[in-house]
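Enquirer: This is what each chain is made of:
There are 4 protein chains.
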Amino acid sequence: MKQKMIGVIGGGQCSSDVENLAEEVGSLIAQREGILICGGLSGVMEAACRGAKKSNGTTIGVLPGDRKSDANPFIDIPIVTAMADARNIIIVRSSDAVIAIDGKYGTLSEISFCLAYNVPVIGLKTWNVDPGIIGANSAKDAVNKAFELAAN
Amino acid sequence: MKQKMIGVIGGGQCSSDVENLAEEVGSLIAQREGILICGGLSGVMEAACRGAKKSNGTTIGVLPGDRKSDANPFIDIPIVTAMADARNIIIVRSSDAVIAIDGKYGTLSEISFCLAYNVPVIGLKTWNVDPGIIGANSAKDAVNKAFELAAN
Amino acid sequence: MKQKMIGVIGGGQCSSDVENLAEEVGSLIAQREGILICGGLSGVMEAACRGAKKSNGTTIGVLPGDRKSDANPFIDIPIVTAMADARNIIIVRSSDAVIAIDGKYGTLSEISFCLAYNVPVIGLKTWNVDPGIIGANSAKDAVNKAFELAAN
Amino acid sequence: MKQKMIGVIGGGQCSSDVENLAEEVGSLIAQREGILICGGLSGVMEAACRGAKKSNGTTIGVLPGDRKSDANPFIDIPIVTAMADARNIIIVRSSDAVIAIDGKYGTLSEISFCLAYNVPVIGLKTWNVDPGIIGANSAKDAVNKAFELAAN
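Sequence lines, in order, name chains A, B, C and D. So the number in this note's numbering is just where the residue sits in the first sequence, counting from 1, plus 2. So the number in this note's numbering is just where the residue sits in the second sequence, counting from 1, plus 2. So the number in this note's numbering is just where the residue sits in the third sequence, counting from 1, plus 2. So the number in this note's numbering is just where the residue sits in the fourth sequence, counting from 1, plus 2.
Don't read these hints as lab results, they were simulated from the structure. Predicted model, so just to flag it, every value in this text is computed and none were measured. One or more hints might be untrue.
Given that identical chains are not distinguished, each listed pair holds provided it fits within a single copy or across any two copies.
[What the hints assert, rightly or not] Here are the simulated DSSO-like pairs of lysine-lysine, each with C-alpha atoms no more than 30 Å apart in a straight line:
1. Lys106 <-> Lys70
2. Lys55 <-> Lys70
3. Lys6 <-> Lys142
Work out the full structure: start from the sequences and follow the hints.
Expert: Structure follows, in structure tokens:
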């Protein structure tokens, strides 16, 4: 059976509280044997990848720039797009479910694409602008919902 | 002096009220000698282009598919991307200001990119999710604000 | 009737001979009332656009970067992609016929896409790697062939 | 140490001889503990992935369409772009070295991008249009050269 691919989206800068939350999300995705896919940079992305690697998971970073070296140190598989935010769409389309944590306008664009493509999107301390965004009250709750809803 | 490029975004399907509003917006953009740039398809996009052509304006359609024939009949210059919604980003980045009318998740993604890139975005009966979206109460008000705010 | 869109592709750096050839091509496209579409930068692209503007034509630059100011001074309509060479595909797909002048690997990629998508491609002092590339012996010959072959 | 990512490019349709060659290439990449990255579809891509999976390797398919189900059955990690051939660029940019096998215009575009971005490209029964394409006389020779030249 294929491993589920779980997207983690959120800002490139975040508070330490949000970082802790993202790290826990990443760790739990790995424990459930999901592959973590994200934008490959800092902030929420890096924290989630750090968590995933602590739990021996696999991480994919879909990078906006043109160099593998832009990836945070916890990315196993860097995908280099050189397409700036067009890579946001690739993250969403490649995910079986997405967990949005905090984040600003880039994250809002990704949430929009989840809603447009019917990719389940679970929100943690993030944009609450549409009933299609599934609320979660903890990292564990978010990851549970993501795996439940991930396309089969 | 370069003509201003004004983006018009909104859904591929809309009510006749919204259609009338979009047509008026398109007509006013043309009267102000702006170039109208949009996604090139039906609904809000087609209505705005019809308005622009009635006022002898120029229209650009940045198409998601791989055929020029996907363009609505009021597009002068079809730009064929074959990149699905990645074309949303191109519309935003090419606009000096954007007018959002009605619309659903695709429109929300475009509004997000406007906010991310500091492209002025004026909202007419659309997503009201961030103070960065500039409200307007009529087509005329929206077009006035768009030209005022368009980058020089 | 729609104006034909003629792509001009070639390197961002070139000799003065090639520049003269490109300028003549641009001028002739404008005289035939075609719209010139190109990558919007320097070298062959800028020379062709200069020629088109001297003959009162219209020029579109599909830019790889994220700023309108990257466009050469002869671009009327800058399309901003921020997608690096993915914009090469957009130039090809939006053209009714393409004229390739000189150029290196980026130009070879564009010629490949012309051949892949059955967009007529006329070669002037450029890659001669496939019988699908239509030879031309002068700017005039190239432009004549481009308009003959442009999709109706 | 990071696993090398080796791109395999070639047509979606091919002869059984080419298929055998691609399968051997894929198998050898996996034996050397490289990750195989390709366009995810049929022909050369599928044969190479089948070879990689026989040798317990990991395979990534960067898909042009909008559905994971377009991937051939030997893809472990489908990356869904919905960007048609713009995905060719992503394959090249994400590869530490590329092996081109047979192929037509899409393959030529990918070879062009390898040459443009200085990604080492090894050719097996493919386009021989530039001295930058490194010749190989067998699957083994190609894979050896790919790993030697892969960026560190």
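Enquirer: Now, for every hint given, state plainly whether the structure supports it.
Expert: Now for the hints, and whether the structure bears them out:
Taking the shortest alpha-carbon separations for Lys106 and Lys70, both the intra-copy value of 24 Å and the inter-copy value of 25 Å come in at or below 30 Å. With identical chains, the CA atoms of Lys55 and Lys70 are at most 30 Å apart both within one copy (18 Å) and between copies (25 Å). Within a single copy, Lys6 and Lys142 get their C-alpha atoms as close as 16 Å, which meets the 30 Å cut-off; across copies the closest is 34 Å, which misses it.
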